[in-house]
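> Sequence:
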Amino acid sequence: MVVFLLVASRSAAPPPSPPDASSEEPRASRADAAPRLLIVDDEHDLRRLLGELLADSGWQVVEAEDGEQALAHLARERFDVVLLDHRMPGLSGGDVFRRLRAAGDETPVILMTAARDVRELARSLGVPRFLGKPFDLDELLAAVRELALPPPETH
1 MVVFLLVASR SAAPPPSPPD ASSEEPRASR ADAAPRLLIV DDEHDLRRLL
51 GELLADSGWQ VVEAEDGEQA LAHLARERFD VVLLDHRMPG LSGGDVFRRL
101 RAAGDETPVI LMTAARDVRE LARSLGVPRF LGKPFDLDEL LAAVRELALP
151 PPETH
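Going by my numbering, the letters in the sequence shown line up with residues 1 to 155, in that order.
Everything labelled a hint here was simulated from the structure, so no lab data went into it.
Built from N, CA and C at the ideal position, the CB exists for glycine as well.
Any given hint could be a false lead.
Claimed, not checked - Between beta-carbon pairs, the in silico distance windows are:
(1) Ser124 to Asp56: 20 to 28 Å
(2) Asp117 to Arg76: 30 to 38 Å
(3) Arg87 to Ala55: 30 to 38 Å
(4) Ala102 to Asp138: 30 to 38 Å
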C-alpha cells in the first residue's frame, strides 16, 4: 500500500478570532516557545514514531488518535502545523480539514493518505501539493519546517 502526504499551506486569510474566556485553555502564543505540532493518526505506532522524530527535532508534539480529538485540541490550543491522517474511523482527515477551513482556521496541514488518486483528492480538498509515503524522514522534517517557524536549536 502506498501512502501519500498532502501539504496545505497557510493562506493569506486573517487569523481566526481568539477563543472566548469560557474556553478550557487559551491557545499558545509565546514567541519564544517551541513550535507546536499536532499529530492525528489512528495508528498508534506511526503516531508515536512521528512524535518521537519531531520531538527530537525540537518540536512540541501533541497527539490525537482521531478527528474528534483533533478538533478538540484545535479548539483549545494553537498549533504551527497539523499532521493529519486521511483515513480514520469517524471523521476522516478530509472532514477535519474542511471543518478547520470552514471555521476560518488556517493552520497549515499535512494530510497523510493512502488514496490511489492523490492528485484528485488534493484538488478536491484544495491542498496545493503532496509528499509520498513511505518518505525520507528528512523530507518530512523539511515539509514541516517549511510550514512553520523553524524549531529551536538544540545544543
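> Does the Cβ pair Ala102, Asp138 satisfy 30 to 38 Å?
34 Å, holds
> Honestly, do Ser124 and Asp56 meet the 20 to 28 Å range at C-beta?
For Ser124 and Asp56 the Cβ distance comes to about 34 Å; the hint is violated.
> Please check whether Asp117 and Arg76 have a Cβ separation lying inside 30 to 38 Å.
Holds, at about 35 Å.
> Measuring from beta carbon to beta carbon, are Arg87 and Ala55 in 30 to 38 Å?
25 Å, violated
Checked against the numbered hints given earlier, this structure breaks hints 1, 3; the rest are met.
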